[in-house]
Amino acid sequence: MDAIILQILNGLDKGSAYALIALGLTLIFGTLGVVNFAHGALFMIGAFCAVTLSRLLSLSHQVAVPGEVDFLGNPKMREVPYAYDIFGENLGATIIDWAVPLSILFAIPVMIGIGVIMERGLIKHFYKRPHADQILVTFGLAIVLQEIIKFYYGANPIPTPAPSAFVGSFDFGALIGFDPGTIIYPYWRLVYFAFAVVIIGAVFAFLQFTTFGMVVRAGMADRETVGLLGINIDKRFTIMFGLAAAVAGLAGVMYTPINSPNYHMGMDFLVLSFVVVVVGGMGSLPGAVLAGFLLGILESFASMREVIAIVPGINQVVIYLVAIIILLTRPRGLMGRKGVMED
Amino acid sequence: MTKGNLTRRGVLKTGAVAGAGLTLPTYLRAQDSGFTNAPTGSTVTLGFNVPQSGPYAEEGADELRAYELAVEHLNGEGDGGMMNTFSSKALKGNGILGKKVEYVTGDTQTKSDAARASAKSMIEKDGAVMITGGSSSGVAVAVQALCQEAGVIFMAGLTHSNDTTGKDKKANGFRHFFNSYMSGAALAPVLAANYGKDRKAYHLTADYNWGYTTEEAVKSSTEAMGWETVGTVLTPLTQTDFSSYITPVLQSDADVLVLNHYGGNMVNSLTNAVQFGLRDRMVNGKQFEIVVPLYSRLMAKGAGENVKGIFGSTNWHWSLQDEGSQAFVKSFGTKYGFPPSQAAHTCYVQALLYADAVERAGSFAPCAVVEALEGFEFDGMGNGPTLYRAEDHQCFKDVLVVKGKENPESEFDLLEIVEVTPVDQVKYAPDHPQFAGGALGTCNNGA
Numbered sequence: 000m001d002a003i004i005l006q007i008l009n010g011l012d013k014g015s016a017y018a019l020i021a022l023g024l025t026l027i028f029g030t031l032g033v034v035n036f037a038h039g040a041l042f043m044i045g046a047f048c049a050v051t052l053s054r055l056l057s058l059s060h061q062v063a064v065p066g067e068v069d070f071l072g073n074p075k076m077r078e079v080p081y082a083y084d085i086f087g088e089n090l091g092a093t094i095i096d097w098a099v100p101l102s103i104l105f106a107i108p109v110m111i112g113i114g115v116i117m118e119r120g121l122i123k124h125f126y127k128r129p130h131a132d133q134i135l136v137t138f139g140l141a142i143v144l145q146e147i148i149k150f151y152y153g154a155n156p157i158p159t160p161a162p163s164a165f166v167g168s169f170d171f172g173a174l175i176g177f178d179p180g181t182i183i184y185p186y187w188r189l190v191y192f193a194f195a196v197v198i199i200g201a202v203f204a205f206l207q208f209t210t211f212g213m214v215v216r217a218g219m220a221d222r223e224t225v226g227l228l229g230i231n232i233d234k235r236f237t238i239m240f241g242l243a244a245a246v247a248g249l250a251g252v253m254y255t256p257i258n259s260p261n262y263h264m265g266m267d268f269l270v271l272s273f274v275v276v277v278v279g280g281m282g283s284l285p286g287a288v289l290a291g292f293l294l295g296i297l298e299s300f301a302s303m304r305e306v307i308a309i310v311p312g313i314n315q316v317v318i319y320l321v322a323i324i325i326l327l328t329r330p331r332g333l334m335g336r337k338g339v340m341e342d
Numbered sequence: 000m001t002k003g004n005l006t007r008r009g010v011l012k013t014g015a016v017a018g019a020g021l022t023l024p025t026y027l028r029a030q031d032s033g034f035t036n037a038p039t040g041s042t043v044t045l046g047f048n049v050p051q052s053g054p055y056a057e058e059g060a061d062e063l064r065a066y067e068l069a070v071e072h073l074n075g076e077g078d079g080g081m082m083n084t085f086s087s088k089a090l091k092g093n094g095i096l097g098k099k100v101e102y103v104t105g106d107t108q109t110k111s112d113a114a115r116a117s118a119k120s121m122i123e124k125d126g127a128v129m130i131t132g133g134s135s136s137g138v139a140v141a142v143q144a145l146c147q148e149a150g151v152i153f154m155a156g157l158t159h160s161n162d163t164t165g166k167d168k169k170a171n172g173f174r175h176f177f178n179s180y181m182s183g184a185a186l187a188p189v190l191a192a193n194y195g196k197d198r199k200a201y202h203l204t205a206d207y208n209w210g211y212t213t214e215e216a217v218k219s220s221t222e223a224m225g226w227e228t229v230g231t232v233l234t235p236l237t238q239t240d241f242s243s244y245i246t247p248v249l250q251s252d253a254d255v256l257v258l259n260h261y262g263g264n265m266v267n268s269l270t271n272a273v274q275f276g277l278r279d280r281m282v283n284g285k286q287f288e289i290v291v292p293l294y295s296r297l298m299a300k301g302a303g304e305n306v307k308g309i310f311g312s313t314n315w316h317w318s319l320q321d322e323g324s325q326a327f328v329k330s331f332g333t334k335y336g337f338p339p340s341q342a343a344h345t346c347y348v349q350a351l352l353y354a355d356a357v358e359r360a361g362s363f364a365p366c367a368v369v370e371a372l373e374g375f376e377f378d379g380m381g382n383g384p385t386l387y388r389a390e391d392h393q394c395f396k397d398v399l400v401v402k403g404k405e406n407p408e409s410e411f412d413l414l415e416i417v418e419v420t421p422v423d424q425v426k427y428a429p430d431h432p433q434f435a436g437g438a439l440g441t442c443n444n445g446a
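If you're matching them up, the sequences are chains U and G in order.
Going by numbering that gives the first Met the number 0, the first sequence opens with residue 0, and the numbers climb by one from there.
Going by numbering that gives the first Met the number 0, the second sequence opens with residue 0, and the numbers climb by one from there.
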């Protein structure tokens, strides 16, 4: 039983990342009709916003350590962050420690900006082109973006830890009546899940309860009619692209303490996120979220030794197997709307 | 006006023969010299096949730095590095056999097909007489087989799978780097001494060739010390989040987790294991421990603080105090501003060993080089007295057992040497079951 609870918890945080990426993908597909293969790269750029801010806050100058030498025999230098000079050692260290959460503030404008530039500069020229062209151009863009990141940050993963207050794990088992130490879960993963729930809730609320959101939803349903009413739907859709980029970017920022970011992390998530979108139903926001969590949990269960012992290799194919079954039984996905990608 | 002997058919025949000759790969045109890509001018070309893109690009960049340094030293530039400490004195700093060393590079992308394509191109188009480099066993095995067919020497870079000099060994291929068996043999006694002989181990293993041989080696060595293996699970190479593989460890009664992972897999699985509090656990009345059989300093950097206190093994480390290591670190550090990695070390050494073998053989012919390298004993290259065993072309030397440093003094100071395991402890018979199958075959001079 404790193993099952643990795998559900694992699935929830894995599903959080899938859901956040798939939500942005669906948002872009639903509004602009573009299959955006560069969306994983936005997740990766978000993570590198955290790396960048962390490095900026840790910028330092060198101070010689008296009486010590480095590996070449030169006087040994010690790095002292400028933050210590400006804010004092304690506050400076706290600011550096909280670099990842602070990166949220940094990443929002950066990601919206990147999203808007991407849409206006490149993707809008492909609206009327076939989906295959859109996939090719956005996939190419993703490769360019990841190569740029690799050029500046290198190919190795870069450790970007959570604030020390969230390092360690939480004894979930003791809380719900199990033996202490049986269900242990890292604090930061719980934070990630809660963060994903808040972001998903905020996106839904924005679309549901604001006039802007109402117009966007109307545009998603019938773009032509909304345009005929004199509303500049293109401008709103551009903003939605920026918003979707910000959601992917924030998912990336908060993911950095879970796994050290590298230039390839977006691609690792992209394919699975597309499966999530298709299983959830093209253009369906609730479908994307539901499928994200569902597939995250299924993937976790399939990784259990007992399951692999019964069906060897199931951990590597479970998501695709489930996708096939769902698409065979519900061709529009779990919550797909009629008419989307069917013309 | 005379027509002479020029006929339409004659022109066509001549053209066809000349065309066919020109389109032949360089190595097939060099028949008169008796071996592939025999250098004819005042230069000789070596092919450095390293990952310049993909997940191991940083390691590849360090390998390339080392090769450039080796070329400098071979051509008599710079301070000479390990040429000054190398026990063989055949190298004079005037190139190889008096020919200036030039080089071409290829990008393996850490993909076997891409690595073969780049090696093929360097052999056929650029006339490389030797191929060296790489940061993966899959690539090493693929390129080694290609070099065997083409008739050039392959000096492997970073490749740790038993198979490179086991079931996939080839007469034209040589490995200086250590292997999975040696890691297991060196690590097991240190683990038993530090963690006790009554331990239950759980292995997470990358689902490819290197993972299998490393799991087998560590499992058999630790079981021989009295440990019990309670679980082994293969993880996909593409896995990024290992949480769902870590949590079953919590449910098992294992008190040691062995991560047979390398590169990004190692960084992520180790980070996830520490996040789940494994290192803070007490199981069976003992402190839970994690082991990483193959360490790479470049990769360990990605795991940050999580490597502290974790045992592993490595082929070489820049903090070694022997004369050869110090000469190399000084040379490399002065040129690039930071200490070299183990990948850089093995590649630098391989380049020098090849050049030395050619000098001693007096020929670039692969079979002459093979003869010069087989059974060659040397010292002064950072690993103590070393033997290139004739039976499998594997180097036998001391192995370093290392531990993540508790208080690193710089970003390069991540590992501390716990023990230098003597070579006798990591030796094995050429027909050892972990290396069974395959045959060295005979050397191939190519054309």
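Source of the hints: derived by calculation from the structure; they are not laboratory data.
Here a beta-carbon is modelled for each residue, glycine too, at the ideal position from N, C-alpha and C.
Worth double-checking, as some hints may not be accurate.
What the hints assert, rightly or not - Simulated crosslink set (BS3-like; lysine-lysine; CA at most 30 Å straight-line):
1. G:218 / U:149
2. G:307 / U:149
3. U:149 / G:110
4. G:119 / U:75
5. G:88 / G:110
6. G:329 / U:75
7. G:119 / U:149
8. U:75 / G:334
9. U:149 / G:329
10. G:402 / U:75
As the list claims (entries may be wrong) - Sample of chain G residues with no beta-carbon within 12 Å of chain U, all distances over it, derived:
11. 93
12. 304
13. 359
14. 366
15. 417
Claimed, not checked - Pairwise CB distance ranges, derived in the manner of DEER restraints:
16. G:419 / U:76: 26 to 32 Å
17. G:283 / U:90: 20 to 26 Å
18. G:307 / U:0: 32 to 38 Å
List in ascending order the numbers of the hints, as given earlier, that are violated by the structure.
Hints 1, 4, 5, 12 and 17 not satisfied by this model.
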